[in-house]
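Undergrad: Here is how the chains run, residue by residue.
There are 2 protein chains.
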Amino acid sequence: MPEDPARRQDGAQQKPSALLRELLRVPGGEHVDLSAYKTDATPAGPEDKAAALAATARMAERLADLQDRLYASSTAGDRRRVLLVLQGVNTSGKSGAVKHVVGLVNPSGCRIKAFNAPTPEEKNHPFLWRITNALPQRGEIGIFDRSHYEDVTIARVRELVPRKQLGPRYAEINRFEEGLVKDGVTMVKVFLHISYEQQRRRLLARLDDPSKHWKFDPQDIEERAVWPDYQRAYGIALERCSTEAAPWYLVPSDRKWYRNWAVGKLLLEHLEALDPQYPEAEFDVDECRKRLVEMP
Amino acid sequence: MPEDPARRQDGAQQKPSALLRELLRVPGGEHVDLSAYKTDATPAGPEDKAAALAATARMAERLADLQDRLYASSTAGDRRRVLLVLQGVNTSGKSGAVKHVVGLVNPSGCRIKAFNAPTPEEKNHPFLWRITNALPQRGEIGIFDRSHYEDVTIARVRELVPRKQLGPRYAEINRFEEGLVKDGVTMVKVFLHISYEQQRRRLLARLDDPSKHWKFDPQDIEERAVWPDYQRAYGIALERCSTEAAPWYLVPSDRKWYRNWAVGKLLLEHLEALDPQYPEAEFDVDECRKRLVEMP
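These protein sequence lines are chains A and B, in that order. At position 49 of the first sequence (counting the first as 1) the number is 32 in the working numbering, and the numbers step up by one without a gap. At position 106 of the second sequence (counting the first as 1) the number is 89 in the working numbering, and the numbers step up by one without a gap.
These aren't lab readings, by the way, just hints derived from the structure by calculation. It is possible that part of the hints are untrue.
Any copy will do: because identical chains look the same in the list, a pair fits if it lies in one copy or spans two.
To be verified - The calculated lysine to aspartate or glutamate pairs, modelled on DMTMM-like cross-linking and capped at a C-alpha distance of 25 Å, are: (1) Lys165 to Glu252; (2) Lys82 to Glu123; (3) Lys273 to Asp203; (4) Lys198 to Glu277; (5) Lys106 to Glu255; (6) Lys21 to Asp48; (7) Lys195 to Glu277; (8) Lys195 to Asp16; (9) Lys96 to Asp51; (10) Lys195 to Asp51; (11) Lys195 to Glu255; (12) Lys82 to Glu252; (13) Lys195 to Glu104; (14) Lys273 to Asp51; (15) Lys273 to Asp200.
Using the sequences plus the hints, can you model the full thing?
TA: Written out as structure tokens, the structure is:
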């Protein structure tokens, strides 16, 4: 039996020096029962909202610097890039997290893609086709709001494909991601975990605000009605696809300030591990300076 | 003879209630001599850097609200979208302006594209092909860092196409843009205007900072050596392509704080003119609320 993950997350609050990525990482190959993970915990996080906002603001400069280096390095042939994948049930805060993360870096270096229900053209291709088309290029940070994991979660719950087609998809995803990693992609897969009650509050808040009605779809209620099925489907995806090459991270997301801090921190830790460097000039700097000064 | 444009811009500083778009608009069909436009002016702008930063921050909420409405409205079938086109010589601040504008809105609703030298595939297509592929979808704000105007500026200066192919491009661009406007695109074409001396300072600053060497290309000096040719080529493009449907705006850009304020303000004024509205709910709000509350 694995160590109780909720306790594991709480315990680490006393060791803030540990990497958040170690703490939030979902162990692969083990049964994942999402109900065992607290949704309102703040593992290794700031004490409260004010502290989190301050800590997140402090992260911004370092994040922007690392992203700038990653992009600069790509101009000298470095193929490395980052892909942040955000998954979670409706209202878990995926698009909020995208907005937040992009606000911390240079948006020009980000490639953002939200995956909605597949188009007829996309349906005519293998499920990884549209994913491949949206991948970040060298030096970029790609951000996926939903992803190929829809093809093993809603596809499982709603039986969009026969079960014998669904089964092989997990291994296919693992091979696909392993290939990306070998090609220089750092995968940061984040599951935003909220509670059943938190979703109710957020859906009701949308209904109470006419400027948010467009975000609401009565179908959201139908999906909520099969909440346990979704939790199970996400659990299976996390269990089978949290690999050595591309692990899953679970971020308790009932508290938006913790969610934003944690997603930023996970990204920061991965960029720090990449440690991208500005390339050396391949031209004569002094000669260029002289020419510029001497031009009329 | 047109009214002296520099004086026109200065004079308007006494009428801050006038729309900036009227003030910065380049009259089409008239000879455009860029040297007559001041690069360090701040027409209708805030008094100084501090005031500009404060004014820009105040703009952010209104901009984000309008963008949210534009996107929301698209979910109900509204085809309207905005395309901000940024042009200017090297170091004029195009990517700085992109970063700044996206920082004011929700990046998920932006479609950013930087156009570099055409790829072999792009060269095998008409010059507007890659532009068409990068257009914003309904509800989005597209932002082009360079654009099809490269195909009449660098293409003219460097004689990348025979002169008899170049000539028809201006009319082709006007027809293309008119078609976009008819299809619901609001074009905001902004020329960032800096001085010859300002470019020297910015290029030298890049050389003096090793973390900026990757942004420098000795070719930048070759392009600077034909500065008058570029000024002339931009002048011709502004003259021929500042149309009723898609006018050009000239933003004096020696002062970054004015440039950022002005680009934000131009975008704001166009969004205000669109006045997008949140769509009405097409479902029974009370019924949905009741179901949500009553769910176990």
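Undergrad: At most 25 Å between CA atoms: does that hold for Lys273 and Asp51 within a copy, between copies, both, or neither?
TA: Neither way: Lys273 and Asp51 sit 27 Å apart in one copy and 49 Å across, limit 25 Å.
Undergrad: Give the relationship of Lys21 and Asp48 under a CA distance limit of 25 Å: within one copy only, between copies only, both, or neither.
TA: The answer is neither: 33 Å in one copy and 34 Å across copies each exceed 25 Å.
Undergrad: When no copy is named, should Lys106 and Glu255 be tagged within, between, both, or neither for a Cα gap of at most 25 Å?
TA: neither (38 Å within a copy, 38 Å between copies)
Undergrad: Could you place Lys82 and Glu123 in one of the four classes (within, between, both, neither) given a Cα distance threshold of 25 Å?
TA: Both ways: Lys82 and Glu123 sit 16 Å apart in one copy and 15 Å across, limit 25 Å.
Undergrad: How would you label the pair Lys195, Glu104 (within, between, both, or neither) given a Cα cut-off of 25 Å?
TA: So Lys195 and Glu104 fail the 25 Å test inside a copy (30 Å) and across (42 Å) alike.
Undergrad: One pair to classify: Lys198 and Glu277, alpha carbons no more than 25 Å apart. Within, between, both, or neither?
TA: The answer is between: 21 Å across copies meets 25 Å, while 59 Å in one copy does not.
Undergrad: Classify it for me, Lys195 with Glu277: is the Cα-Cα distance of at most 25 Å met within a copy, between copies, both or neither?
TA: between (59 Å within a copy, 21 Å between copies)
Undergrad: One pair to classify: Lys195 and Glu255, alpha carbons no more than 25 Å apart. Within, between, both, or neither?
TA: So Lys195 and Glu255 pass the 25 Å test across copies only (20 Å; inside, 37 Å).
Undergrad: One pair to classify: Lys82 and Glu252, alpha carbons no more than 25 Å apart. Within, between, both, or neither?
TA: Both, since 19 Å and 23 Å are each at most 25 Å.
Undergrad: Reference check for the pair Lys273 and Asp203, CA-CA at most 25 Å: within, between, both, or neither?
TA: between (64 Å within a copy, 14 Å between copies)
Undergrad: Within a copy, between copies, both or neither: where do Lys96 and Asp51 come within 25 Å Cα-Cα?
TA: both (21 Å within a copy, 17 Å between copies)
Undergrad: For Lys273 and Asp200, with the copy left unspecified, which applies at a CA distance of at most 25 Å: within, between, both, or neither?
TA: between (63 Å within a copy, 15 Å between copies)
Taken one by one, the earlier hints fail for this structure at numbers 5, 6, 8, 13, 14, listed in ascending order.
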